[in-house]
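Visitor: Please work from the sequences and hints to get the whole structure.
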Amino acid sequence: METARQSPGFLHLLPLTGGGEWLHMCIRHQETSAYLMDEVALDDLIVDALLEEDTRSRIRVRDDGIMVLFKAMHLHGEEMARPEDMVSMRLWLTPDRVISTREADVDPILEIAGRLVDGGGPATPGAFLADLIEEHLDEVEAQIEMLEDDSARIGTMISQHQMETACPNMADTETRISGFLRHLTPQRPVPETLSVAQHPVLDGRDRARLDDALNRLLRFLETLQGLRERIDILNDQVTRIQDRRLNRSSYVFAVAATIFLPLGFVTGLFGVNLMGLPFEGASQGFWILTGICAAAAFGLLALFRWRKWL
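Sequential numbering of the sequence shown, starting at 42, is according to the numbering used here.
FYI, nobody ran anything at the bench for these hints, they're computed from the structure. Predicted, not measured: the structure shown is a model, and the values here were computed from it. Nothing false has been slipped in among the hints.
Okay, the calculated beta carbon distance ranges per label pair: (1) Thr280 x Asp190: 20 to 26 Å; (2) Arg223 x Phe294: 43 to 49 Å; (3) Glu186 x Val296: 48 to 54 Å; (4) Phe294 x Asp179: 52 to 58 Å.
In this text, a Cβ means the ideal position worked out from N, Cα and C, and glycines have one as well.
Guide: Listed below in structure tokens is the structure:
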């Protein structure tokens, strides 16, 4: 494995605390493919999977090792993650070796590498895999807690009728929830398969930890589904509030039209320049007409009140 240090695709070669080793390489270098096939003597299908750019979470258990592909987050120092920025992790594990390839490092990889450099970290490839998935789920849990807080905050905004603020936040939160569901749902078979796999890479403790990881992942998926349903309910609530506002405005305009249209007809009729109009020669004709219009308006308002239309 020392020849890996001369490969441009090499990132680090670290010993595991139990005697195995971890080789971490970059998929962007052509030498990575040649090294994995020639020096490590991996199967072509495994090499293709380790170097694949657009990966979907999946697992393949073989007699000679375990291949795991799934996506994790790299926060770039930010608190909130965007699901579309999740980065693929590609792993090949044998009883004494871990080979990982990356396009960009993710936080769980960096965390484990730091612990190994400091003299700690996983002892075996199976423990490495369990640590990696646990670190990944820890970050997912933090993001889900943020989504829960955001959903509660949006609910408060809506109850206070702060629609201009609530609607953009609700759209962003819904997008993030859908993104996490899209990326995390395909990861379910990974711990599900590993927790029952009878393979030399995994011992009983590793399988127990992976079973716990499966339960956590299922709980996260249920929480995300619940959050999506809550956002749908909040969205329906916003729609009802907006509909009530629109109906109220339309109703006010309808009442105003009902009152003023007859008055407009009367005033228009009296404005016709023809002989014989009532009050044409009266000095108080304007005020009489104004009084008639006012009386008609008050009469219509009283009628609306009596019929409980207002």
